[in-house]
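*Asks:* Sequence:
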Amino acid sequence: MHPSNNRGTETQQSTSDFDANGNLLVLNNIGTLHWHYNNTLNQLSKADKSNTTQYYIYDYQGRRVRTVVESNNQVQSQRDYLLSLDISSNRAKQQSRTTHIGTHILSETSKNNTQNQTRYQLTNHLQSNTLELNDKAQVMSYEHYYSYGGTTIIAGNDKTQVQQKCYRYTGKERDDSSGLYYHGARYLAPWLARWISPDSAGAVDGLNLYVYVGNNPLKYIDLTGHIKVYPANRGKPYKLDILSPIDETYHNDNLLHYPEAYQRLQEIVRSDPKLTLLEANTRFTMISNKPLKIQADFILEKEGGDYSNIMNFSTGVLHFDRNYKEKNNSINATQVTAYQYLGMTKIVGASNQLPKTFFRYNIQNPITNRIIREYEDDKNYSKFRHDFMKTSDHGRSSWRIADALGLKIITSNIEIEYTRYSHYKEDHIRLHLRQQKTLRGSENPLVLPSRINYVNSHTPMNSLIKRQKERRATL
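Going left to right, the sequence shown walks through residues 331 to 805 as my numbering numbers them.
Mixed in with the good hints there might be a few duds.
[Said to hold, decoys possible] No more than 25 Å apart at the CA atoms, straight line, and that leaves these computed lysine-lysine pairs for DSS-like:
1. K495 - K686
2. K738 - K767
3. K549 - K655
4. K686 - K632
5. K720 - K709
6. K713 - K755
Just so you know, the hints here were simulated from the structure itself, not pulled from any lab data.
Construct all of the structure, not just a fragment, from the sequences and the given hints.
*Replies:* Pasting the structure below:
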């Protein structure tokens, strides 16, 4: 690394250590790196007596699904990755399965079921796995790290058990052959304190495309290989420029892939007259990595506004937690949600991806609650659908937000869900979405039909007020 600018430079071992795309080609004293056309690491070749080569295989979404180690053209070991399951095998035909609960509880099972063991991994403030305990609370291993992930000390009672540890610094997997940490979008070389390839998302985390977490590894972590965040268990927010372009690096079948609608969403946010207000008062927080959940909060204390939404990219559900504003507040839920959703996609690299589901949590609007109660009584779905979509604040707001995202609510399948307590229950509504066949131009916003007065068309006002008071008394 060059001492004045922290960027990679040529070394004495090679006249060119990087390819045309900026990917590192040589790991000194380790081996040669080979890259796919899409800038994912293909293989690591070691110039040793055994001619060792490690291959990396990815699925169509760019996620690593297999690593294979060969020596002298013979497979020595293989590791396959499923959602919460790793399957490892070696040349001696020994096979083990590792089941994950997050990255903190691992259950390992050998092929002959003679060496079952559970590892409880305890973490520090950076989510690095420092202490491993078995199911009898006995220490299996202890590891301490340098600032960028190198091991300063590792100890344990059994050498084999210590060597089996894979998930380490910030909860990421470290490859035994290379010493590289796999972060999803790219690999970190802890001894260089740098990534071995530039950020495919561009300059979303600074102009230096190789620097790790802004050279501040004691405060930040990087969960995806794109952008630094506060560790999730600290719950501190961070901000970003949501209009910065990024590459599409995160894919999930639970999301709708709709590039045209995503581009339109960016245009809507860019031209929003409230953009400065949204930028100044919105905070994004990483809740968890598995499942991948981002929370966005927009709060206006003086004007009276509180919008909190959570996007679960693993399930494709946009979760509306709190959506409240005073009548004199000029900003609306559609503006806030459009800005928040765009920002959340930039954090995880999910450009061109849109939610498949809206989840309206803990509805506390008297009209909407009343519509739900009437449906419970008469089971008239057509009437419920009409009343919810055309008269309730939740239905009409969901209609506008879906349109801003280029989506349409599947009104034939509106689901009511509940959280039951001893003396009351909370109402939730789940809305399924699909792509619009024809996108409306960003300069042509949706105009909803005139609101039908639900109170006048269904229930006398005095009776409704009386029932609402009775319901509040029950709560």
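*Asks:* Work down the list of hints and note, for each, if the structure agrees.
*Replies:* Hint check results:
In summary, the hint linking K495 to K686 is not supported, as the alpha carbons are separated by about 37 Å, beyond the 25 Å threshold. Of the supplied pair hints, the one linking K738 and K767 holds, its CA atoms being roughly 9 Å apart against a limit of 25 Å. With a C-alpha separation of about 34 Å, the suggested pairing of K549 with K655 is violated against the 25 Å cut-off. This hinted pair does not check out: K686 and K632 have alpha carbons roughly 34 Å apart, beyond 25 Å.
Between K720 and K709, the direct Cα distance comes to roughly 18 Å. Compliance with the 25 Å bound is thereby established for this hinted pair. Between K713 and K755 the alpha-carbon distance is near 23 Å, which keeps this suggested pair within the 25 Å criterion.
Comparing the model with each earlier hint shows violations of hints 1, 3, 4; every other hint is respected.
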